[in-house]
Amino acid sequence: MNSSPTSSIWLKEIRKSYGPTVALDGVTLGIHTREVHALLGENGAGKTTLMKTLFGLTQPDSGRIEVDGNPTVIATPRDARAAGVGMVTQHFSLVKTMTVAENLALSSSHIVRVDLEQARGIARTANDRFGLEVPADAVISELPVALQQRVEILKALAAGCRYLILDEPTAVLGPRDVDSLLDVVRRLRDDQSMAVVLISHKMKEIERIADRVSVLRRGAVVASTEARGMTSKDLVALMVGAGQSGEVALQSEPLASARKPSVANASQKVVLRVAGLSTTKEIGGLDKVSFDVHSGEIFGIAGVSGNGQTELVEVLSGTSKASAGGIEIDGQEMKSPRPATLMAAGMGILGEDRHASAVHQLPVVENLVLDRLDSFTKWGQLNRRAMSAQCDEAIMQFEIKATSHQALGTLSGGNMQKVLLARLFGRSPKVAVVSQPTRGLDVASTSYVRSLIATARDQGTGVVLVSEDLDEVLELSDRVAVMYRGTIVAIVEAREASRERIGELMAGVAK
Amino acid sequence: MKPRFVLRSSTPWWRGPLLIAIAAVVTFVVTAALIRWAGGNPVAAYRYMFVSPLQSKFGITESILAATPLVFTGAAVALAFRAGYWNIGAEGQLLAGTIGATWFGLQAENLPKVIAVPGVLLAGAVFGALWALVPALLRSRLGIDEVVTTLLLNPVALLVITGLLNGPWRNTATGFPDSDVVAEAVMMPIVWPGSRVHFGLVAGGLMALGCWWYVGRMAGGLRLRAVGLAPGAARIAGLEVERTLLATALASGAIAGVGGASEIAGVAHQLTIGISSGFGYTGVIVATLAALNFVGGITVALLLGVVNVGSFSASRALSIPSTMGEVVQSVLLITVVAALVISRFKIVWKGNDR
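Taken in order, these protein sequences are the chains called A and B.
Each residue of the first sequence is one higher than the one before, counting from 1 in this note's numbering.
Each residue of the second sequence is one higher than the one before, counting from 1001 in this note's numbering.
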């Protein structure tokens, strides 16, 4: 096998859009055997979409795939396997109540026969062949995540894969497991002459193992080069788009006039005080997070996904409990932080997943006032007329393209987000925590949502903006905090912040 | 190409009724084969099941009598289901209600009727709610699935009744395992003279209408629906999801319990082991066939009352099993559920992901 010639798969001119949102804008990328190819980019840059295209999970709008120079149609994962492509996604597709061998047998190409003995054989020899030690007869649900991931990798290998895609494989692993995974990747490259595509946010791992690095930014490849000689700093700069500041400045222009001098904020009162928040969750938990947010400022929280932002918003919204630390809203200490009490104290939340915040089957009007029904109630009876009036007003004011009696789930993402923002700002919160407010929205909706957030700030709301889009954070915020491994590593004035510095902090490479 | 269910943005008014009609036709075709196989004539069987009970006053009133407990259990189940609380325990809660009503009825000798009748219904409500309490607490405090716990408490309620009837409540006159007749004071008035249709029908109808009003018109009802449709989103909107579930579960149990009291005080007048012929389970069918609509539930309960009475006469006349009525109900349940899914969602076969 060592002597096999280098072969390659090319993705050419791949375009894919979801409605008005362009996820991939003519991407061309070559993947070669005997190479570890790192794929970098911020969230939403298109990495996962691109790899799903290669594995047949997503159909591109246009573009082609060539395997060793031959045009190949990959419409399903079955086609992908036939072309030698395997993928381990972030969510494992294992039957948790079955054993390792049973899972391997299930994924084999036999339609009728389940060959358990053969599957056991694969599991037993996996250690010698690939350095992948897996217990053949252990039940999946009893295995640690690192081992479950190995079973997934083994499934791909057993299907004869030569191009293995690993989608953020280290996001769920502890440091020691990361080391052994990287050893496996190295063996697959050197002993099996395979291509391994590693989607990752973690510069240190890429520095250690990658032969080639491609950086995606906003659906386009901004760099695809040999990894040798690239430092973490170079990669971060490419990823967050430093040096492209012209573009960013242009985008933020409409809002620049709305920005108040942040110096004034120091004199404003603190509306949200977070002190030493910690949670016990091992991965993605919080570790002594503390910060103050003043009335009339936007406090941005930047960070690569999975560094505790989701958990922080959950704790602030009261849907998750902190193991230590406290929250103070407008000087009032929150003794039992549940959603209702937090909201009563003046907290407003826009969750990162708008679909999880919307009751899809209920009409717009009922969703819009769901959080303050008492103000639309007399003797327990809903005042439908007042609700409709409120809803019509919000539809006008927030430019929502929908009727008040339309089920919320049938609205487009942008309009759904506007309904949720109308609900949030309709209660005039003292603190508004908005998480990934523009994720997946088209350009027009994005700029509208951002202007809403700026307006709320100008009206005196203390805004916490959690976003993985660094441009967004820098454009809107007065101060920027960077989260890394569950804690805030730095808080800087936005006007003094450089993209490079923040990018390094996000990647954990800054001292 | 995988089928996906996508929520319809609007439904023409005729789609629902049309699909229900198709479901009914499919049900007739499927059950016709079974009736044929059992040696009966399907057309004659349907005539006995659906038409002949409506051709005499006796048939009509007996159908209404058979429908009365189903009005209660249908509303009880629909209310819980609307909140996303899968109460399969209406049977047990109804049986608990009969225990409460009998307990009250056996010692209400000297009470005036205006106190005794509300009292016996209240006793049923309290016992029904108590029977619903443990699964409701397990669900709202510990997240333990209520389908299993409510279901498994049903036979327990029947065992409690068996124990009572073989022990303290054994009939003092006959020595048989059924209770003494309850006090005259708690017996509910007949509302259709010359029949056995009693005040329980009115009480059940009022309860179903009350549920309809509460769920559709009141703030608590909107909260209940939001919790049922999307508990996560409801929690984010600051609603007390667990409290809503607990309260709804208890209300559901109370309604089923009143249904049990209505059987004791309205028609049976004593507790027997066969006091319920699966009213709680049929309530699930009623609620589902009515698409969790409370007014529709009254209609469906009356329809199933007709089928229950009719399947006995069909069984007698054609010597086919009397359970054929239940077969018809069950097949109808399956086809209507399918029709409801199709009416609310459209099926998209395009492999276009989002």
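These aren't lab readings, by the way, just hints derived from the structure by calculation.
Errors might be hidden in some of the hints.
Stated by the list, open to error - Negatives, chain B to chain A, calculated, CB over 10 Å:
| hint | residue |
| --- | --- |
| 1 | Pro-1042 |
| 2 | Thr-1149 |
| 3 | Trp-1212 |
| 4 | Leu-1222 |
| 5 | Ala-1317 |
Claimed, not checked - Some chain A residues near chain B, calculated using beta-carbon distances under 8 Å:
| hint | residue |
| --- | --- |
| 6 | Val-22 |
| 7 | Asp-25 |
| 8 | Thr-28 |
| 9 | His-32 |
| 10 | Leu-173 |
| 11 | Ser-320 |
| 12 | Gly-331 |
| 13 | Met-334 |
| 14 | Ser-336 |
| 15 | Ala-340 |
| 16 | Met-343 |
| 17 | Ala-345 |
| 18 | Gly-346 |
| 19 | Ile-349 |
| 20 | Leu-373 |
| 21 | Ser-404 |
Glycine included, C-beta positions come from ideal geometry on N, C-alpha and C.
Outcome of the hint check:
With a closest Cβ-Cβ approach of about 39 Å to chain A, Pro-1042 of chain B is found to remain outside the 10 Å limit, as its non-interface label requires. Here Thr-1149 of chain B stays apart from chain A, with its beta-carbon at least about 22 Å from theirs, past the 10 Å limit. Here Trp-1212 of chain B stays apart from chain A, with its beta-carbon at least about 14 Å from theirs, past the 10 Å limit. Separation of Leu-1222 of chain B from chain A is inadequate, the least Cβ-Cβ distance of about 6 Å not exceeding the 10 Å criterion.
With a cut of 10 Å on Cβ distances, Ala-1317 of chain B stays outside the contact zone with chain A, its closest approach being about 46 Å. Annotation: Val-22 of chain A was flagged as interfacial toward chain B, and the flag is violated, the nearest CB pair being 15 Å apart, outside 8 Å. Interface restraint check for Asp-25 of chain A: the shortest CB-CB distance to chain B comes to about 18 Å, outside 8 Å, so the restraint is violated. Contact between Thr-28 of chain A and chain B, as hinted, is not supported at the beta carbon level, the nearest pair being about 23 Å apart and thus beyond 8 Å.
The beta carbon of His-32 of chain A comes no nearer than 28 Å to any beta carbon in chain B, farther than 8 Å, and the hint placing it at the interface is violated. Taking 8 Å as the C-beta cut-off, the interface hint given for Leu-173 of chain A is violated, the closest approach to chain B being about 28 Å. At about 11 Å, the closest approach between the beta carbon of Ser-320 of chain A and any beta carbon in chain B exceeds 8 Å, and the interface hint on this residue is violated. A distance limit of 8 Å between C-beta atoms decides the matter here; for Gly-331 of chain A the minimum to chain B is near 21 Å, and the interface restraint is violated.
With 8 Å as the threshold, the beta carbon of Met-334 of chain A stays out of range of chain B, its nearest partner Cβ sitting at about 14 Å, so the hint is violated. Hint status for Ser-336 of chain A relative to chain B: violated, with the closest Cβ pair at about 12 Å, above 8 Å. With a least beta-carbon distance of about 4 Å to chain B, the hint placing Ala-340 of chain A at the interface is held under the 8 Å criterion. With a least beta-carbon distance of about 4 Å to chain B, the hint placing Met-343 of chain A at the interface is held under the 8 Å criterion.
A least Cβ separation of about 11 Å between Ala-345 of chain A and chain B goes past the 8 Å threshold, and the interface hint is therefore violated. Evaluation of the Gly-346 of chain A hint against chain B yields a violated restraint, the C-beta minimum of about 12 Å exceeding 8 Å. Hint status for Ile-349 of chain A relative to chain B: holds, with the closest Cβ pair at about 6 Å, below 8 Å. Because the closest C-beta pair between Leu-373 of chain A and chain B is about 4 Å apart, less than 8 Å, the hint holds.
Interface hint status for Ser-404 of chain A: violated, as the beta-carbon distance to the closest one in chain B is roughly 14 Å, over 8 Å.
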